[in-house]
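Q: For reference, the chains in residue letters:
Protein chains: 4
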Amino acid sequence: MTELAAAKAALKTQAVETPSWAYGNSGTRFKVFAQQGVPRTPFEKLDDAAKVHEFTGVAPTVALHIPWDKVDDYAALAKHAEQRGVKLGAINSNTFQDDDYKLGSICHPEASVRRKAVDHLLECVDIMDATGSTDLKLWFADGTNYPGQDDIRGRQDRLAEGLAEVYERLGDGQRMLLEYKFFEPAFYTTDVPDWGTAYAHCLKLGPKAQVVVDTGHHAPGTNIEFIVATLLREEKLGGFDFNSRFYADDDLMVGAADPFQLFRIMYEVIRGGGFSPEVAFMLDQCHNIEAKIPAIIRSVMNVQEATAKALLVDGDVLAAAQRAGDVLEANAVVMDAYNTDVRPLLREVREEMGLDPDPIAAYRGSGWAERIVAERVGGQQAGWGA
Amino acid sequence: MTELAAAKAALKTQAVETPSWAYGNSGTRFKVFAQQGVPRTPFEKLDDAAKVHEFTGVAPTVALHIPWDKVDDYAALAKHAEQRGVKLGAINSNTFQDDDYKLGSICHPEASVRRKAVDHLLECVDIMDATGSTDLKLWFADGTNYPGQDDIRGRQDRLAEGLAEVYERLGDGQRMLLEYKFFEPAFYTTDVPDWGTAYAHCLKLGPKAQVVVDTGHHAPGTNIEFIVATLLREEKLGGFDFNSRFYADDDLMVGAADPFQLFRIMYEVIRGGGFSPEVAFMLDQCHNIEAKIPAIIRSVMNVQEATAKALLVDGDVLAAAQRAGDVLEANAVVMDAYNTDVRPLLREVREEMGLDPDPIAAYRGSGWAERIVAERVGGQQAGWGA
Amino acid sequence: MTELAAAKAALKTQAVETPSWAYGNSGTRFKVFAQQGVPRTPFEKLDDAAKVHEFTGVAPTVALHIPWDKVDDYAALAKHAEQRGVKLGAINSNTFQDDDYKLGSICHPEASVRRKAVDHLLECVDIMDATGSTDLKLWFADGTNYPGQDDIRGRQDRLAEGLAEVYERLGDGQRMLLEYKFFEPAFYTTDVPDWGTAYAHCLKLGPKAQVVVDTGHHAPGTNIEFIVATLLREEKLGGFDFNSRFYADDDLMVGAADPFQLFRIMYEVIRGGGFSPEVAFMLDQCHNIEAKIPAIIRSVMNVQEATAKALLVDGDVLAAAQRAGDVLEANAVVMDAYNTDVRPLLREVREEMGLDPDPIAAYRGSGWAERIVAERVGGQQAGWGA
Amino acid sequence: MTELAAAKAALKTQAVETPSWAYGNSGTRFKVFAQQGVPRTPFEKLDDAAKVHEFTGVAPTVALHIPWDKVDDYAALAKHAEQRGVKLGAINSNTFQDDDYKLGSICHPEASVRRKAVDHLLECVDIMDATGSTDLKLWFADGTNYPGQDDIRGRQDRLAEGLAEVYERLGDGQRMLLEYKFFEPAFYTTDVPDWGTAYAHCLKLGPKAQVVVDTGHHAPGTNIEFIVATLLREEKLGGFDFNSRFYADDDLMVGAADPFQLFRIMYEVIRGGGFSPEVAFMLDQCHNIEAKIPAIIRSVMNVQEATAKALLVDGDVLAAAQRAGDVLEANAVVMDAYNTDVRPLLREVREEMGLDPDPIAAYRGSGWAERIVAERVGGQQAGWGA
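Protein chains in written order, with the UniProt record's numbering: chain P, 1 to 386; chain D, 1 to 386; chain Z, 1 to 386; chain E, 1 to 386.
Same shape as in the complex, but just chain P (with noise of 0.2 Å):
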């Protein structure tokens, strides 16, 4: 098989997972702007999803978030997943928008509130047992606000007992991925503010607890593929969360901001045999001002773009120019990658799947945004207070 062909046969075994909540509306402390055609229920949310793979190709599973997308039944849920061609992906636990997590969660102060967040996260493994999800992603608002306002050092003894709780009741097949955050919404410190601290509870737990990296939630200048590149090393790379930022977390769309660097993490991806079922590649972005289907495809085309230039660096000229302490031509031969338009190739990807090689156009020219704002009227649009 030719170089070229291997790397369309990669990109066409490629899954990007999408996020439910996405779908719905969200946007800053200062406002949301509300969009038409949201939807108002997680059965709603699929059908959008679905679109997503329908046109990409790419996108076979949806995350959850539990209690955003809490049902009565998750078997018909999966059900209807099923139905519209995808499968319910990560169950996402949310421990930070009831008020008794004002000052934490899993870390807080008092054990009656650390309990209530520990009997969340297990239920979303019950949850999970129910969907047949295999990922339980956590993330944890928790974190201070003033220096003095709460012990760091006890907040982590309380992080481990509870993510100890959890673990254990993890059945085969299941793991847990913890997600890290530079800052926010705590301002002072964090409790799992980066990749060394959710690594150090990971190997402590066990080989079911990896870190996911979330590309908007370092520190300004942080080397993002150089992370990637050690946790792949040190076996604890369960996923991504992707999206991209010039400031913050500011949840743009994937590739939207750096291209360069979006491309550089999907090498040392797949340098580092990451390109792989074990790892999970899931958006986690915000629409705040944009149409929301419309960029989720866009990003799920943006991760295609960087993987496909990272799947053309010629390998074995590389390494010969790193032998050879080559600094300018190791350089050029990622450059060469990276310059290269690869939307010929990935139209043509497209095309042998079945697909139209356009899902922009495609999914504009489908009717779905005219329908979906014509018949979800009434009711409460998603959002994330839903």
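Bear in mind the hints are in silico, worked out from the structure with no lab data behind them. Check each hint, because a few of them may be wrong.
It does not matter which identical chain is meant; a pair holds if it fits inside one copy or across any two.
[What the hints assert, rightly or not] Cross-link-like lysine to aspartate or glutamate pairs, in silico, EDC-like; alpha carbons within 20 Å at most: (1) Lys204 x Asp157; (2) Lys204 x Glu235; (3) Lys208 x Glu168; (4) Lys102 x Asp73.
Given the coordinates of chain P, work out where chains D, Z and E should sit on it, guided by the hints.
A: Positioned in the frame of chain P, the structure of chains D, Z and E alone reads:
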């Protein structure tokens, strides 16, 4: 008059304006944690603000936010304030919470939205006429999230045009304070992102337009006191929005994150002749998890402490060390003032002003916190969206 | 003329000035790694610069640095350049490497040091007279390391006074380009730290004073293209110092760290009418570990590629999408240009200019690298301290 | 014993190691400003370091840097130190100033360079045997400047292999302290860029490998005290390199840029049981423009002041407020300690230790500064390259 006496005299004249919105609920994009006893009307906000002034003696005015503080009768509002010992201060415009403003307000691509935004600003001047406020404070959430979304330069032209119309409307003794912000809620471009942009616009508008420095609105590492010194030198410093930050626009209590920075800022204020009624010292903070009124009292005290330390810098000794190029000695003079515990001095100042030397304890002992929790039942708590 | 033809025509007129010092040794504070074949005289630097122009066709001028490039006979130097097909460009002053400048130059607390610094700047204008250079490029390392070390405002006064004297000395057709820098080598205050400060000084000086944007001289996250658009709108953009950075003022090859940013900058240049001889496009880089001449060739090519992509943005379609408030479409128009592989286009441009389509390969095949290694033996290699 | 007495007792046991290189010349990449009286030999550096200990009483050891402090007879050097009242401390390796190290040392693509680097580290352990030093401090300048330049993961493998060989060489009572650094002198990847990477390597190496926190080696906004608390909890905190920064690795005097941060760090040190001989407290600073010996004295005093304040935090009251979720009160307890002027307490401590209460004045009055200027004439001043 001794230097200490001069410092005490200056501290007694200090005025820190508190913002009506800080008494209401606030939060992050993830969650607003409501607190008990929060005001439900602009009148109740003034009641709380009056308590801050009652116990600190240096918070005589209250900034309003339109439309959050819209009332039918501003004269009644002003009278209510005066009856409680405070006055109405700056009028803050809000052009970011209407659905029309999704893509901007005064910089919006559509003329009709710009018209609406400018009309709101003109209405704010009407309210200034009614309240006797002299300062129109303008913060624009305008910007873009994605490269290409709008024309950067075209937006500047629209901004200039809109500001010019509002400037013309200002009466004698009224001025326009233009605030800049590094980012948020826009995540790619912000239309007034730095002091340079605000300065350039104010310069063209004329002497009634001045720049506001919000201490949380800068890129990481920015030397804010340099900006303060420069704006004072250019006679374009209109005022401050005080708060503090570890990461982005965290809006923590002023002086909580970097008290040394606050001291350096106040030193440049005094050095540059800015400790005068010409410069407005305002708080602009969010008390998301801490009790609001005592947090504001503490913030006012933090400003007092930084000011007291700045007043204690021995200018003659400092100047001599600077002239001599004695880096360590010059730094030591400044640090000597900073390392002084000025709390005893401020207790004296308060006692001489007829106040309790410990404002926090006095507030706690006053029963106000318990009273508002008991009385403010029912109704709609004030918040950013109220 | 078609759009493509217009783009090609524009690309043929492009001019990127290379700096004499980039051909010499450079390094970090930890170590300067000397390279073989490095020039030992300003004449040899011009020989190397001529090679860059020979193979790229768009690097016709060379910036000098005084005193690094001090010679007895500037007419001879200019003639040497012309014989090799290039011209002398901007004169860069150096007021940071004399022991007297430990605490500053033009802002120094002592008048005698300021006098010396200003005299050096005046001497640079004399050299401009001799070389025919039109641009005096001023970068000041002035600043302080410790709070209190010197008077922030007093230093601004001294700066203004010194610049005014130099400004007066400028002849017809000469101008002053004032560069700003966020930090380094000063670590607390820098006397021209941001575009606002440079702009304010240039505004007061007059039309012959303009601002230089060094792409590595900003706080993390700063939107440089916004500054470019703003300075063009204010008619105060004098030129660029191109390089790239991941962290601080890394001085890597332009386009190496964030090629998308370089594209956005060039888009605003073109949009704002800055793609003209009025704006100087200069490189200012350090090739600490990579071969210098090919690195500079690559840098010139990177600027060309970014420019080509920016020229390909379909302005009409973009403007329509912006007017319609179609965020995704407007962004897509820009990304469509960025994602285009412009290397074939640039190969055509080069062939039409009578050049080898692959400048790097042509340089490597020319034998120049081997020749300078063989010939430049003995003597003192050029470097920042030379 | 009262709390104050306990604090005084603790302060008397404090030990801050000063680095031999801080007594020599240093600078930025732009210029090293030489100072008069700078040591010319390791012996003279020890003479200066002894003065710092003589006047502060808490700087009993001196870190060496190899090869900067290479001597023929380390026993003689150790004896020289002891005769002046100090001891030799950590041995710092240097694998960044030989031409072979242009592309790295222990991570270099070529095995021969890695061999040379590891041999140097092994030689440093030999020197430890000779000097009786227990700590081998490792900072690697290794990294890359350009994407693709080398294989990120391959470099980690090489790093692990090299460290393992050195680890095996460590004798009883000897340990390895691994330092991380965000960036510089490498500008794209750094091979040990964060605490997580250092921690992961130390964990695999074993109990004799521990992490060093250099307070200037973090991304903007990083919460260093969180890292301190976490490393202490993991029993992997080996020591500190103290200095301070406003921007990058500015290497200013510790406590000069953000004294509140230094206090918070010392609070977590004490809280986590790190105020013990197991954790090394070292300075690592550059005194580029200020007089070196008094700057180091001042730095030691700054550490003392931060420690004193941290010791004064009322742990019981704090814990109660934290348990009660009283954010303002908990913060107030911490701020109360920070706002205390501890200089009188430290003057008492010094007097009880038989020292002058004002170390700076005592040093200035000692005539040492004048003496070294007069005596240290001729020879080669020590510097980073010496």
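Q: If a hint holds in the structure, say so; if it doesn't, say that too.
A: For each hint, the structure was consulted:
| no. | hint | in the structure |
| --- | --- | --- |
| 1 | Lys204 x Asp157 | within (12 Å within a copy, 23 Å between copies) |
| 2 | Lys204 x Glu235 | both (14 Å within a copy, 14 Å between copies) |
| 3 | Lys208 x Glu168 | within (10 Å within a copy, 32 Å between copies) |
| 4 | Lys102 x Asp73 | neither (30 Å within a copy, 37 Å between copies) |
Hint violations for this structure: number 4 only, all remaining hints satisfied.
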